[in-house]
Structures are given as C-alpha cells and as structure tokens.
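Respectively, the protein sequence lines represent chains H and W. Just so we're aligned: the first sequence equals residues 202 to 646 in this note's numbering. Just so we're aligned: the second sequence equals residues 202 to 646 in this note's numbering.
If you are wondering where the hints come from, they were derived from the structure by calculation, not from laboratory data. Some clues are possibly wrong.
The list makes no distinction among identical chains, and a pair is therefore deemed to hold if it is satisfied within one copy or across any two copies.
[As the list claims (entries may be wrong)] Distance condition first, Cα-Cα at most 25 Å in a straight line; then the derived DSS-like pairs of lysine-lysine: (1) K290 / K637; (2) K355 / K424; (3) K261 / K355; (4) K355 / K281; (5) K446 / K637; (6) K490 / K637; (7) K424 / K214; (8) K284 / K637; (9) K641 / K561; (10) K446 / K506; (11) K641 / K290; (12) K246 / K446; (13) K420 / K214; (14) K637 / K282; (15) K501 / K490; (16) K284 / K246; (17) K506 / K490; (18) K358 / K268; (19) K358 / K446; (20) K304 / K424; (21) K261 / K420; (22) K304 / K561.
Number of protein chains: 2
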Amino acid sequence: MSLTTASALDAAKEAKAASHVLATLPASARNDALTAIYDGLNTAKDEILAANARDLELAKQAAADGKLSQSLVSRLDLGKKGKWEDMLKGILDVRELEDPVGKVTLRTRLDDGLDLERVTCPIGVLLIIFEARPEVIANIASLAVKSGNAAILKGGKESTESFVAISRVISAALEKTQVPNGAIQLVTTRDVIPQLLDLDQHIDLVIPRGSNELVRYIKSNTKIPVLGHADGLCSIYLEESADPKMAAQVIVDSKTSYPAACNSLETLLVQESALSTVFPAVAEALSAKGVELRCDEASKASLSKTNPSLTVTSSQESDYATEFLSLTLAVKTVSSLQEAIEHINSHGSHHTDAILTASKEQAEMFMNAVDSAGVYWNASTRFADGMRYGFGTEVGISTNKIHSRGPVGLEGLMIYKYKIRGGGQCTLSYGEGEGKRAYKHERLL
Amino acid sequence: MSLTTASALDAAKEAKAASHVLATLPASARNDALTAIYDGLNTAKDEILAANARDLELAKQAAADGKLSQSLVSRLDLGKKGKWEDMLKGILDVRELEDPVGKVTLRTRLDDGLDLERVTCPIGVLLIIFEARPEVIANIASLAVKSGNAAILKGGKESTESFVAISRVISAALEKTQVPNGAIQLVTTRDVIPQLLDLDQHIDLVIPRGSNELVRYIKSNTKIPVLGHADGLCSIYLEESADPKMAAQVIVDSKTSYPAACNSLETLLVQESALSTVFPAVAEALSAKGVELRCDEASKASLSKTNPSLTVTSSQESDYATEFLSLTLAVKTVSSLQEAIEHINSHGSHHTDAILTASKEQAEMFMNAVDSAGVYWNASTRFADGMRYGFGTEVGISTNKIHSRGPVGLEGLMIYKYKIRGGGQCTLSYGEGEGKRAYKHERLL
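Looking at chain H on its own, in the form it has when it is part of the complex (with noise of 0.2 Å):
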C-alpha cells in the first residue's frame, strides 16, 4: 500500500497489477487476510483512536468556526460507543459470507470434448471515493479482498490522519498474507480524484460512499461505471382499496423512521375515490409525527373537511421533484393506477416506490410497471437495503439499469469468464456440408 507519494496512476497501475495476482488466490487465502487485518486493527486500537482524535481535535476547531456541520464531527467519531467494535465485526462478518469468486453458473457441452463454462471473477480495480467516516475504510477494504478486487481509496480531507493509521495497518498486515500490498491503495494527496476519474484504462467501478452531491459530481465526471444513486425520490401509490390503519403505518414507517434515508418517502399519490376514505387516517398519523403536508388542491380540499384541525401547506409543482431529506412531503391527488404509473416514472428516481392496496391485480401491474430498482406492495419503502434483504452487506445501492440495481451486495463487485475446455477444436470443422460437425450445445447447467 503506498501512501502520500502515490500518484494516481501508479497507484492505479498497481493496483492492477495487484488485482491480477488477488484473482487467482484461493478463498483461503483471501480469508486469512481477513484475519490478519481484524488481528492488526485490534492491536493498533489506541494508535488509531490517537489518530482519530486528533482528526476530531481539528474538525471540532472546524465546526466552531463554522467551516464543518456537527454532523460530520460526529460522523469522524471512532470512539464513538460501538462503533469501533462495530468496525471490527465488519470485517469479521464479511469474511464468513460465501466466497463470491469461481461459481460456475452455466455450463454447456458445445460438442463431445469441447465444454463451456461461465465462471464469476472479480472485476479488477475498484475506485472507492468516501467522505468523513474513517470506518469505512476497514469495511471496504474487506469487501474488496473477499470478493478478490483491487481498491483504490480516497478518503475524506476530514478523516486524513484515522485513515492513515488504519491503512500502515492493514498495509503491514497484509504484507504477512498471500493479498499482495498494492491490492488496497491509498491515495491521500489533495485535488487526486480528477486524475483518478480520468484512468478509466486502469479502474473497472467507482463507488462513491458519501452524499448525494458527491455522487452527482462523480457521475458528471467520469468515464469508468459508477455503481451508486445521486437521489433517492421514492413515492406510495395509495390505492382506494388498501385498509387505512396497515396504510397509515406503513407510510408512517417510509417518511419518518429515518427521513434522511434515500429510500425514505418523498411524494404521496393518493386515489381520487381514497381522499375520503382511506387518506384522512394516513393524514392524522403523519401530522402527530411532525410530518408537514404539501397538498395538491384536490388533496387540500379534502382535508380541510375531513380532517379539519389538520394544518397543510399547498404544494407547487417543484415539491414532486423534490427529495426533502426531511419530515416534509408532497401529496398528489390521482385519478388512476394509470396515472400514478406515470407520475412515478416521469418524476421519481427509479429507486423505490410502493403501492398500497387489497387488489392483487392492481398491485402486480403498478410492480411491472414501474421502472424502478424496488417496486413493492404493502410493505415500507425503507425495507430497501441490502441487510434487510439478507445479502449480509451492502456495497452501495444503485439507480443504474445496467450490471447492478438496487440494494448491492458482494455479488455487485463480481463479474464473469467464459472458459472452455477442448481437445483441440477448431471452428472450420462446424458448419453445414460435408464433414461438417454440427455443435451439441446441451445445456448441462
């Protein structure tokens, strides 16, 4: 692992050159270099903490001249309660998942002799670019040595002095491991990440871990896929049919159990024939939360007799392109599943978006329909994440319609080889006409 010295090609440079070896290592192998960094973050505990408080020590300085949030204080906190243990656990827990590496996934006789096979491999070099949670670093560090890929790191300017502490050790602890050192590549000289988005000969994927402008200006700047979403504007369809009381927690749970969440609830389209019957209980459940309602008129007019001690603002056409990222939402009267359909695919963000209702029928077509990573029925869009669906991490999600959608886990860094096995087949020897072979292409999985 190179350190400040590193420029952004050689450090690209080995990195892949250090993914070609991590390739064919054994799962063995990449597993004990699990070990041997858990083992090596354990020792160094107090030097790391050293670090991060001098890091603290600044950003705090920071914050009381106004130039840093406190939330990104509190985000640099290693010693915060948890969270290093939390951080070691991590790499434990991703070195138990299932090696990703080697499945074959189709196998086809092309003719006696001659096998093809379809192998998952890592895809190379990961550019992983974070904001200021120095855990990060452990965590994506074990994702790439698990799932076999090279990873360049570029770190926050806020986290500088906990990220170098933890990559001398895991660097050292990777030199006592098969993982060669230049598969986890740190990068922290300043203004690098230009340069690196530009190298897109030397790395495969970028992700970004950070916030929504950081995945904005990733995108705009760089040739290399991007697995991640700049927004996340999810929408509930609430359907005349569905029962009031399952539609009030639910859409409780979407907006409030943690509105700055991408998969939290933005917009909320409510049948025509539902403004009466179902909405009103929707409406008093989210007002007792604090949620601030922007209404439509027809949504408003509703309202104003149904649930007449009820305050709402009325909506303008911007609040349904608008991630509010906070106890605000914007409400839209529908006439129709029809137009709910295509009020979500014109102005969401393809992430989440559910609807509410008894009708099966109207479930299945509005989840076919909507072109979105997460299409869900009676159920809370914030379930979109990729422990709760059970992949035992997440990588990121992503709102792309290529390679990976949705909630990302191991799988998400893996790509595929095809491999065949002959006897010395040549293609002229297939074909129609005269000793001519024709292929068998039997299927054998």
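Assemble chain W onto chain H, guided by the hints.
Quick look at chain W alone, frame taken from chain H:
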C-alpha cells in the same frame, strides 16, 4: 415510429414512454409483434429491394469515384443470394427464443408474509448505431421487441433508402399490435449522433454495430454505457507439452479462418523450450496458409535452424500491440507461463486468449489468471461467438468489466428489479430489543 423529422430528444422521450408500456406486455404480445414484422417485410419485399437498389446505385457510383470501399458496397446489397431470406428467418429465430422477461432469479422470505423477489426486466431504451448493413435493422428491432426494450436506430447514410423502407414496414406492422409504435424509433437526420450520445437521462445502453473506429468514437463520446469492444487483440500461448499437430491446427484456425474477425489470433507466445519442438510444425502450417510471421530474435533464430526454407520478418515492439486483422502474426518467445500471462494482461484487449498445453495444471492457472472475457484451453479463439456458445443470437461481444462480458445474448439486454409483497410491514418493527422481530432471510430460490 418517427421518420426524418424526429429530433434526437423527441425520439428518446417517445422511446422511453414506449419502453414503459412494452415492459408490461406478455411474451405473446411481443411474439405477435415479431410475426407482424415478419409478415410485413415478406409482403413488402419488392418495394424494399427497390429502395435498396437505389442505395446500391449511389454507392456503386461513390465507389467508382473512389469515395467508398467495394466491401461496403457489398455489405449494402440486400439482394445478394440468401441475405433477404436470412434476414427474415432471423426474425422467426428470435421469436422462438425463450422469453427473457420476468424470470425470478432470487426469492427470499424476509419474514412470514414478507417475500422478496428478484425478477428480470428490460433495461429500457437502447440506442443502436450501425453502419452499412441494412439487414441489421430487422435483426435489432426483433431483439428489442423480444426483450421488451425500446430502441432508437441510427443507420449509416449509405443505406438510408433501404433503412427508411424497412422501417416504414416495421412501423406499419407494429400499428396492428400491442407494441407501441414509439418502441422502435428511427432517426435519419444527419449529425444526430452527438445529440443522442448526450441523452443519458433517456437512453440506457448504446450498442454500436460496425467498425472499431465507430465503437471507439462512441466509447469516447458518451456517458451512456456502451456494449461492445473496440479491439480484439487475441493471443495464444504455446506451451512445450502441446501436441504439435493439434497446436498447428488450432493456431491455423484461430489465425486464418476469418482474419478480419475480432476473435482472430494476432499474437503467438511460444515457450522458449517449445521453439525447436512444437513450434516448427506450427510455423510450417501457418506459412502454408500464407501467414506472414513477425518474429522476435529468439524465435527467428530458432526457425532459421529448424525451418530454414521459411522466410520470416523481424518483429518490432509495436507488433505486439497491433490488431492486424490480416494474415500477419506477431510471434514472441516467453520463458514461462507467468511471462505469457503478464504479456497477455498488459498487451491484449481482454477479449479471448488461449493456451495450448497437455498440462491441466498449466491450463487452469492460465484460465484463472488471464483477465479476458474468454480463456480457452486447446481450442480455437474463434469459438468466441454467441451462436457458437449456443445463445441463439448475438447482440455483440463485450470487453466491459461490468454487466456483460464476452459474446452477449438476449440476457445482456436485461436487468432486474426487486419486488416485495407484504402485508403492511414496517422496518421499525425489526431489529434488536423488546417486541422487535428478527428477519428470517429464508432463501426460497
């Protein structure tokens, strides 16, 4: 389907809207549309061939003036023996393929009454940019409709008349089906490619069908993912234990069966210890087929002793980075498997590479360590092809490291979405602590 008047943005928006309808149609509706396209083209044969004749006339004139290559003129000719019939048969072949939409690839019981499903679905809007061959329109339109994707087609200007005639027929045919007319968008205005490549909000995947230059241009000028490969620099490593006769026939097939193909052999790496044992028979066979060998010092010196009658030229370093696409082969001596692997990973294009050896151990090591879409043991590199792999069709060959790699069938035009069917579950009900539920994460599929 819009004709010449459609702007790039209009076409993309209309295609996106159509894609949302198309995604909900059952296989029967998509297959019926293919039947309608087939019938329409069948009926309009004379009209289309007349349009094609007008294109041909202009092209022949341009060729006579030295402005167009003869091979392009030849590719343009739809009236060439078998071409029309192949084009029509291709539509029916695609129709008969297994439906790629709606396959459940994962099913997990998150909790009782809360099931997660991962289901294949179309990607959305494809942009297909192709050069002269007008029959590609029918092929691509079929693949798009079959896979539930909308497509924007941009053909080369030399085939404009054929292109307009064919797409008029497709458009009229779709009118009678459930597939929205906007699902296949034709763009014929000139200079529209840069505008299209800019529409990453509406277009999900670009598929270039044409020269390496076209692919390279597109890859360098868009943020939209591109399915394809700009180069096919394939290598074979000839190991000392390979049977000389087998080696000669595989190398001759890889190099000479279709030298202009992307999966043809360009570099032969010979193990030093094989120079005087296996290599002479190989060199002899290649020479007999008219292949020019560009040899490094060691292989040249060896051949001057073993095959004194052969004329070979001396290689330059640049020959090992050249895709000759002709009967020229670069030959390099390497000391070991490791050196061969490193040469291929650093000089090749990650397309298809092979090892010829009697050693299973060497072969498996080669196939794991070479970072290419296809890695073969004792088989011709020219097996890298969707039809030969048994995919029934080939959308393209990809050297990307995400989504699709190697020959790509219909699967490469698919992504997935996650569906959750619940009964009003909320995320706050799960977790640790009193009264909280635990996820079951029971894998059902």
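When the hints from earlier in the document are held up against this structure, which numbers fail?
Of the numbered hints given earlier, those the structure breaks are 12, 19, 20, 21, listed in rising order.
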